[in-house]
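*Asks:* Fit chain B to the given chain A structure using the hints.
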Amino acid sequence: MQTLDPHFQAMLLGILGLLMVSSLVGFGLALVVRSDGAKETVANLNARIRAWWVMCGVLAAALVGGALTSVLLFSVISFLALREFITLTPTRYSDHSTLFWAFFIFTPIQYYLVATQWYGLFAIFIPVYVFLFVPLRMALTGDVQAFLARSAKVQWGMMLCVYCISHAPALLMLEIDGYAGQNVKLLFFLILVVQLSDVLQYVFGKTLGRRKIAPEVSPNKTWEGFIGGVAAATLIGAALWWITPFNPWQAGLIALAICLAGFAGGLCMSAIKRDRGVKDFGTLIQGHGGVMDRVDSVCFAAPIFFHITRYFFT
Amino acid sequence: MHRLVALLLVGLLRLVTGVRARWVGSVPSIRPRIYFANHSSHLDSLVIWAALPPDVRRRTRPVAARDYWGESPFRRYLARRVFNAIFIDRNGGSSSRETLNQILDAIGEDYSLIFFPEGTRGNGEEIAPFKSGLYRLALARPDLELIPVYLENLSRVLPKGKVIPIPLLGSATFGRPLRLGEHEAKEEFLWRARRDVLNLNEAPHADA
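Chains as they are written, first to last, in numbering that gives the first Met the number 0: chain A, 0 to 313; chain B, 0 to 207.
The following block holds chain A by itself, in its conformation from the complex (with noise of 0.2 angstroms):
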């Protein structure tokens, strides 16, 4: 453990407070509604409130503890993210094989890379590999059955679920001339802009939504959400801007790709659990549904600020 840039350290506190602020908040709105739909809103949104305070733990504490103990903690979101991911997505009896192969050895071998910072394999060894060897594997069971469907269900699976995923702690990995050793915040920033942008788009959308997007994909983004949303988190992003070793309006462009991004992550998201027929992809985080309803920002988000960092700053 490295001892903690005073940066970070006051990032960490920033949480804390803007945490125990949303606490105080929720408890005050719950004592003051009374109608039972507000009630139902407030308690929903008290229960999102103590899952926030438990993944900022959990993040913070893997940040904290290095850049191995970042890259364990995104393999397991990864894990659980692809887990909820197949779940969803029907499979048959002759994909067993090759959902082990995706499960046990490919999810692994991809953070391997990431921890070993080995670039080159990194970027293409789901796009080439995994993406060629999942129909072959498929094929040798012999059952051609909605082949094509099938293939792509597990090849979407591991590109959204792991390849994307993994790119937040790759950040880790990049090389930027003045900014050695504090790339943990790279990744802080990402995260925090991602996030934010969701709450705000969520906290907008609330309160002054009015034109729905895309109604039949998700009932709940709005012109008003997404655009007062993705506005605040790209001036907050360009208010981070010391925290990173971009310039203040390079900052809030990048933030600004970032929440544009989130916004595609979990419109698809959405399209995929419309498709489906579910609300939420899972049940671990009370409010919030499963792990891949939280991270479905990320998902989008995390390649995208990677490689403009990595073209422009490395």
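Everything labelled a hint here was simulated from the structure, so no lab data went into it.
Remember, predicted model here, so these are calculated numbers, not experimental data.
C-beta: ideal position from N, C-alpha, C; glycine also.
It is possible that part of the hints are untrue.
[Claimed, not checked] Residues of chain B placed beyond 10 angstroms of chain A at every Cβ, according to the derived structure:
{"id": "1", "residue": "Gly-17"}
{"id": "2", "residue": "Ile-29"}
{"id": "3", "residue": "Arg-58"}
{"id": "4", "residue": "Asn-198"}
[Said to hold, decoys possible] Heads up, simulated SDA-like pairs for lysine to any residue below, C-alpha to C-alpha not over 20 angstroms straight-line:
{"id": "5", "chain 1": "B", "residue 1": "Lys-159", "chain 2": "A", "residue 2": "Ala-231"}
{"id": "6", "chain 1": "A", "residue 1": "Lys-278", "chain 2": "A", "residue 2": "Leu-266"}
{"id": "7", "chain 1": "B", "residue 1": "Lys-159", "chain 2": "A", "residue 2": "Thr-140"}
{"id": "8", "chain 1": "A", "residue 1": "Lys-205", "chain 2": "A", "residue 2": "Ala-231"}
{"id": "9", "chain 1": "A", "residue 1": "Lys-278", "chain 2": "B", "residue 2": "Asn-200"}
{"id": "10", "chain 1": "B", "residue 1": "Lys-161", "chain 2": "A", "residue 2": "Asp-142"}
{"id": "11", "chain 1": "A", "residue 1": "Lys-272", "chain 2": "B", "residue 2": "Glu-201"}
{"id": "12", "chain 1": "B", "residue 1": "Lys-159", "chain 2": "A", "residue 2": "Trp-100"}
{"id": "13", "chain 1": "B", "residue 1": "Lys-161", "chain 2": "A", "residue 2": "Trp-100"}
{"id": "14", "chain 1": "B", "residue 1": "Lys-185", "chain 2": "B", "residue 2": "Asp-195"}
{"id": "15", "chain 1": "A", "residue 1": "Lys-278", "chain 2": "B", "residue 2": "Glu-201"}
{"id": "16", "chain 1": "B", "residue 1": "Lys-161", "chain 2": "B", "residue 2": "Arg-74"}
{"id": "17", "chain 1": "B", "residue 1": "Lys-161", "chain 2": "B", "residue 2": "Glu-70"}
*Replies:* Below, chain B alone, put in the same frame as chain A:
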């Protein structure tokens, strides 16, 4: 020692199968019962057993096929010492009447039973017609509550013929107790029992 292994095993099962118990028509109770479920995986009896609260679990004995659970010393240890299984022979040897008497002896007055009325594992896509064992158990022990249990996804976690389970989320849904009518015919009772298990598949999820 066995307690510790049991705790580890329950933890491992929860990790691998993510199994959750959903009680939609009954509540956990330590009174003796017969839990009957659809059967598609060797993990089935273990999963129901693990989904029960600890005090209920300690008084519940699953039936286990001797040819699978008695095969290696480790499985035998788990079956006998940890989840206190009742071994039955599936093919040949004793007649089914003997098997039932064996089961009845094993549960005595204090234990609940986990039972699979299909008799054998299905492919997980449909539930086979129930064999008469459940009817005869109900006839012999009218004092026991019969609880239908629907197991979801277990056939995907560890399907027939596979050795290594993959970690998917499964659930065990416990339904409303079933009673044998006073002069109810065997076929009718078995049909109702099977229907009760099937209906649990459609039971509303508490979190939906």
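*Asks:* Taking the hints in turn, state whether each one holds.
*Replies:* Checked hints:
1. For B/Gly-17, the shortest C-beta to C-beta distance to chain A comes to about 7 angstroms, within the 10 angstroms cut-off, and the non-interface label is violated.
2. Distance to chain A confirms B/Ile-29 as a non-interface residue, since its nearest Cβ pair spans about 26 angstroms, more than 10 angstroms.
3. Taking the minimum C-beta to C-beta distance to chain A, about 28 angstroms, the non-interface status of B/Arg-58 holds against the 10 angstroms cut.
4. Against the 10 angstroms criterion, B/Asn-198 stays outside the reach of chain A, whose nearest CB is about 18 angstroms from its own CB.
5. Restraint check for B/Lys-159 and A/Ala-231: not satisfied, since their Cα atoms lie roughly 53 angstroms apart, outside the 20 angstroms limit.
6. With a CA separation close to 13 angstroms, the supplied pair A/Lys-278 and A/Leu-266 stays within the 20 angstroms bound.
7. For the hint pairing B/Lys-159 with A/Thr-140, the CA-to-CA distance comes to about 15 angstroms; that is within 20 angstroms, so the pair holds.
8. Taking the CA atoms of A/Lys-205 and A/Ala-231, the gap is near 15 angstroms; set against the 20 angstroms cutoff, the hint holds.
9. For the hint pairing A/Lys-278 with B/Asn-200, the CA-to-CA distance comes to about 18 angstroms; that is within 20 angstroms, so the pair holds.
10. At most 20 angstroms may separate the alpha-carbon atoms for a hinted pair to count; B/Lys-161 and A/Asp-142 meet this at roughly 16 angstroms.
11. Distance hint between A/Lys-272 and B/Glu-201 is fulfilled; the C-alpha atoms sit about 18 angstroms from each other, no more than 20 angstroms.
12. A threshold of 20 angstroms between alpha carbons decides the hint, and for B/Lys-159 with A/Trp-100 the separation of about 18 angstroms falls inside it, so the pair holds.
13. At roughly 14 angstroms between alpha-carbon atoms, B/Lys-161 and A/Trp-100 fall within 20 angstroms of each other, so this suggested pair holds.
14. In summary, the hint linking B/Lys-185 to B/Asp-195 is supported, as the alpha carbons are separated by about 15 angstroms, within the 20 angstroms threshold.
15. Distance hint between A/Lys-278 and B/Glu-201 is fulfilled; the C-alpha atoms sit about 16 angstroms from each other, no more than 20 angstroms.
16. For the hint linking B/Lys-161 to B/Arg-74, the alpha-carbon distance of about 16 angstroms falls within 20 angstroms, and the restraint holds.
17. Between B/Lys-161 and B/Glu-70 the CA atoms are separated by roughly 16 angstroms; this keeps the pair inside 20 angstroms, and the hint holds.
Of the numbered hints given earlier, the model fails hints 1 and 5; all others are met.
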